[in-house]
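Asks: Fit chain B to the supplied structure of chain A, relying on the hints for placement.
Top to bottom, those sequences are chains A and B.
Counted from 1, the first sequence has number 31 at position 31 by the working numbering; the numbering is strictly sequential.
Counted from 1, the second sequence has number 3 at position 3 by the working numbering; the numbering is strictly sequential.
Quick caveat, the hints were computed from the structure, so don't treat them as lab data.
Below, a list of computed lysine-lysine pairs in the DSSO-like style, where the Cα atoms sit at most 27 Å apart: (1) B:K61 - A:K104; (2) A:K141 - B:K51; (3) B:K52 - A:K104; (4) A:K5 - A:K52; (5) B:K104 - A:K61.
There are 2 protein chains.
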Amino acid sequence: MAAVKLLGFWASPFVNRVQIALNLKSISYEYIEQNLRSKSQLLLESNPVHKKVPVLIHGDKNISESVVIVQYIDEAWNDGPSILPSHPYDRANARFWAAYVTDKWFPLVSEYRTTEGAEAKAAVREKILEGLVILEEAFVKFSEGRGYFGGDNIGYIDIVLGSLLGWLRVREVTQGVTFLDKTIAPELAAWADRFTLHPAVADVLPTTEKLIELINGFTKSK
Amino acid sequence: MAAVKLLGFWASPFVNRVQIALNLKSISYEYIEQNLRSKSQLLLESNPVHKKVPVLIHGDKNISESVVIVQYIDEAWNDGPSILPSHPYDRANARFWAAYVTDKWFPLVSEYRTTEGAEAKAAVREKILEGLVILEEAFVKFSEGRGYFGGDNIGYIDIVLGSLLGWLRVREVTQGVTFLDKTIAPELAAWADRFTLHPAVADVLPTTEKLIELINGFTKSK
Chain A
1 MAAVKLLGFW ASPFVNRVQI ALNLKSISYE YIEQNLRSKS QLLLESNPVH
51 KKVPVLIHGD KNISESVVIV QYIDEAWNDG PSILPSHPYD RANARFWAAY
101 VTDKWFPLVS EYRTTEGAEA KAAVREKILE GLVILEEAFV KFSEGRGYFG
151 GDNIGYIDIV LGSLLGWLRV REVTQGVTFL DKTIAPELAA WADRFTLHPA
201 VADVLPTTEK LIELINGFTK SK
Chain B
1 MAAVKLLGFW ASPFVNRVQI ALNLKSISYE YIEQNLRSKS QLLLESNPVH
51 KKVPVLIHGD KNISESVVIV QYIDEAWNDG PSILPSHPYD RANARFWAAY
101 VTDKWFPLVS EYRTTEGAEA KAAVREKILE GLVILEEAFV KFSEGRGYFG
151 GDNIGYIDIV LGSLLGWLRV REVTQGVTFL DKTIAPELAA WADRFTLHPA
201 VADVLPTTEK LIELINGFTK SK
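If we strip away everything but chain A, and leave its shape as in the complex, we get:
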């Protein structure tokens, strides 16, 4: 099998997605931390369109964009556990909810931070909590009591949403507010703890403290 390299930045949830997918499939890879303030020739050449991490280098092939890479990993290494389910309708659901998290729900967390005025902020938080109820329902439906959106093990929705937990907690701490409210979404809150401790995740997802140090300018690398 051709050599696998990952160009990343430790605090990027998009890089974390790829690391989790590689861990789930037990794929050995060389991790190459990137300095995003002074981009390497390797990064510029391997992702000339976006010039961003993550980039997966698999032999002579370069793949970028986190969800594209995660699906590539699932399709190229089909001997490990599956990340996407096998039935077309279940696959459609996985892609639908991943898009919901990425395009609709998580952007509200950023919107909360940049919104000014207590009333306007409260309205954004209300939308976040409405989305949380929807995600709780989806979790209960897909997990069927088995622990993950993917069932007995981490799957596509778990990776896409779970990778954002570190930054979600940072926003909770820095904004002094709760988003992942246990009283509203008890199953999802328990899932978040379970996901964070999963062996494919535990060494990958940065701690809230490290991320807060980063935004405060104390940390430039891990």
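Replies: Quick look at chain B alone, frame taken from chain A:
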């Protein structure tokens, strides 16, 4: 095979994507035009999260989000021509470029319209043309002289980009500017003409005139 219905709105490029995919696979379906100002119970129940078209109803299953539906169609009806290529790396490329068009390039066309001031508008147009050069290169690479991003026939990138051609032409006419510049991207311009005339597309993609009537308030349905 279970009955197939599509909830749509004729002028939506996202609905057009699904129509093209269904046509490519020669799937018979019932098209149900929706009034988006007064949403039907069927729409609200079949897409409770977004309450938007397109929704594909396949037997007792509801699928929404255009790119999710197109991938579902490709996976659920695997006896027709393939929409995504078969090799994982080629599939990754198809998804990468579809995301580039959707998230990065086409939004510039909307940004051009809402940008004020000649100089600022010119800067946005410059970015659109830079993206066009990138898309021209991608087209030449993937088509290998065979006519489409997908090779001899329409594929995933063709559908995602091609569905936007109607609205691209509307913006060109209403803004008095050229985006799909033949001198910059001759291959892509020829592809656009070829795509529009393809039998799976010709009856689906609305004419520029009809779309302009719509935005001028003259037309509410086809």
